[in-house]
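K.L.:
The listed protein sequences correspond, in order, to chains A and B. Under numbering that gives the first Met the number 0, the first sequence has 354 at position 355, and the numbering climbs by one with no breaks. Under numbering that gives the first Met the number 0, the second sequence has 88 at position 89, and the numbering climbs by one with no breaks.
Treat the hints with care, since some could be wrong.
The calculated EDC-like cross-link candidates involving lysine to aspartate or glutamate, where the alpha carbons are at most 20 angstroms apart (straight line), are [said to hold, decoys possible]: (1) B:K92 - A:E198; (2) B:K92 - B:E147; (3) A:K293 - A:D243; (4) A:K427 - A:E223; (5) A:K293 - A:E244; (6) A:K427 - B:E65.
What the hints contain is simulated information worked out from the structure, not anything from laboratory work.
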Amino acid sequence: MEALANLALGLQVAVSPENLMYCLIGVLLGTLIGVLPGIGTTATIAMLLPITFNLDPTSALIMLAGIYYGSQYGGSTTAILVNIPGEISSVVTALDGYQMARRGRAGPALAVAAVGSFVAGCFATLVIALAAPALAEVALKFGPAEYFSLMVLGLICATVLAHGSVIKAILMILVGLLIGIVGTDVNSGTLRFTFGVPELSDGVNIIALFMGMFGVAEIVANLEMRGTREVFTKSVGKLMPSRDEIRRSIFPILRGAGIGSALGILPGGGSILGAFSSYMIEKKMSSRPQEFGKGAIEGVAGPESANNAGAQTSFIPMLTLGIPGNAVMALMVGAMMIQGIAPGPQVMAERPQLFWGMIVSMWVGNLMLVILNLPLIGIWIRLLQVPYRLLFPSILVFMAIGVYSVNNNPMDLIIMAVFGVFGLACMKLGMEPAPLALGVVLGPLMEENLRRAMLLARGDPTVFLTRPISAGFIIASALVLVLLALPVLRKKREAVFQAEEAASP
Amino acid sequence: MRIASPQDFWSGLFFGGLGLFACIYAATQYNVGTALRMGPGYFPMAVGGLVALLGFVLLVRSLRVEGPPVPRILVRPIVMVVIATVAYGYLLKPLGLVAATMVVIVVSALGGHEFRWREALVLAVALAIFSVLVFVYALGLPLQLWPEALID
Chain A
0 MEALANLALG LQVAVSPENL MYCLIGVLLG TLIGVLPGIG TTATIAMLLP ITFNLDPTSA
60 LIMLAGIYYG SQYGGSTTAI LVNIPGEISS VVTALDGYQM ARRGRAGPAL AVAAVGSFVA
120 GCFATLVIAL AAPALAEVAL KFGPAEYFSL MVLGLICATV LAHGSVIKAI LMILVGLLIG
180 IVGTDVNSGT LRFTFGVPEL SDGVNIIALF MGMFGVAEIV ANLEMRGTRE VFTKSVGKLM
240 PSRDEIRRSI FPILRGAGIG SALGILPGGG SILGAFSSYM IEKKMSSRPQ EFGKGAIEGV
300 AGPESANNAG AQTSFIPMLT LGIPGNAVMA LMVGAMMIQG IAPGPQVMAE RPQLFWGMIV
360 SMWVGNLMLV ILNLPLIGIW IRLLQVPYRL LFPSILVFMA IGVYSVNNNP MDLIIMAVFG
420 VFGLACMKLG MEPAPLALGV VLGPLMEENL RRAMLLARGD PTVFLTRPIS AGFIIASALV
480 LVLLALPVLR KKREAVFQAE EAASP
Chain B
0 MRIASPQDFW SGLFFGGLGL FACIYAATQY NVGTALRMGP GYFPMAVGGL VALLGFVLLV
60 RSLRVEGPPV PRILVRPIVM VVIATVAYGY LLKPLGLVAA TMVVIVVSAL GGHEFRWREA
120 LVLAVALAIF SVLVFVYALG LPLQLWPEAL ID
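Bound-form chain A, shown alone (with noise of 0.2 angstroms):
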């Protein structure tokens, strides 16, 4: 009966006018972002971030959780009609979605989607009022080599979504965390690896490093392709599914919002695991596996939904842990610091109306997008037929104007330049951004709560195994590591990436 009550205090803040239209606005520039192809929902989230500064806290989150889930709601429009996947999650939906388009079926696709999104989106909200609680309960008994273990758990499992090699992925970690302790040092106050730039004894400006890896770098590697695109902008049509594909979709959604919804929580974990699982198990369940990829109505409609529900689900270990399980988390950890909030298990019992806001708004947000979007879709489809040569310089100014009016400091802009640089770099050496982005954001928590754990425990490094739930985090860790090792797994997680890089173009 508390969910209950929290969720009515929450209702309450989401439904004041003023939420309402942060929340609203938020889900539109979100999707209409997320719409643009070639700039995923990380880079979406970065940009959008600066306008949310001068908000109070609670609508500023409410906003930034609606840009969330309005640029999924977005990349998976793009999918659907251009199969242009605009994050990994919408890979999934593109496989089934985009040939449903080329059939004429685009409306119902898009339909099925959006539904799809918004029932796995009312479960993760019910999840996510269960399961907090209890969550941030047991997280205000951790102590720092918990939370340190848990964090090791976390980067691990972030590993196992990596594209490419575990190595490349771990090092991406490692050197997050390096980039991440740049700055001063807490406890001595020494500076450290700043070089003498003054700007940087604060820290590597995260918003700066985002835009650059996740911006920059993706629009200068689009730009370096020569793609052309096929938009299927006569065919959407009707909306309606047929009375059949109702039929075929209900249990995918249902099933998709279920394993969304667990796996969001994972650590490492997000909306991509839940997109892919649920396809897998579609297939798996189908009577006619042989039409997944040519267009099955149940390959976007489980996927979709598990992919809505994961990213709600996801907040779950950021807002009662404080730990990201995924780069979109990790930059909403940046924004709740910006904001002065240090997110947390304190965050719920201390401020309970931003944190049940927060969730609640989740839900009607999801309501204006069923509501909303569908009705227009066609000026998305018109956004997308704006050629990418006027869409990017458009997109670099409204980067540099957030970044810059984080600190008003010409040298975000270097910053964000450099990491633009790397971020081209990593990508051109088959090294993921994500891995490293969640480092960044771990890096001092991570050293905090080692050197705390380790002066608790006077120097004694077994401290980590000891201690019971540490030492769960730990083997699990080890477990996860053994497992990527293992040769048929090993093959099983290539299959899959094979799988999503002949889906993307």
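Start from chain A and add chain B according to the hints.
P.N.:
Chain B alone, transformed into the frame defined by chain A:
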């Protein structure tokens, strides 16, 4: 010596070198301390060491295990985008939002594979107007609109 996997080879060299540098720099420039009382150098030294180690593993492996080549980097897009970004930071104050925005648009557009003067100029004007309306009037960012010299 033949490099079987160029991507891994250069990754290993670059990141391994970076890690080695961080490790040595942290160990020599900062107080490392002990496991009980870690100094500011302890964590970066340890992490840098791990990076160096993994980089080295990658480097060795790249000599045996076949892998993809490093894709070519086109010079123009990255150079133009970087110039545009950095220029924006340093032009915003002296030139004002309107002119700085237009410079960024034209310079970055030069990085694309199709460049049309007229189109770029129209886009520049449109974006300048849009930025002024949205960022200055709607969001209230404290940005100057016109060149400093004109205001004085």
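K.L.:
Each hint should be assessed against the structure and marked as holding or not.
P.N.:
Checked hints:
no.: 1; hint: B:K92 - A:E198; verdict: holds, 18 angstroms
no.: 2; hint: B:K92 - B:E147; verdict: holds, 7 angstroms
no.: 3; hint: A:K293 - A:D243; verdict: holds, 17 angstroms
no.: 4; hint: A:K427 - A:E223; verdict: holds, 12 angstroms
no.: 5; hint: A:K293 - A:E244; verdict: holds, 15 angstroms
no.: 6; hint: A:K427 - B:E65; verdict: holds, 17 angstroms
In this structure, every one of the numbered hints holds.
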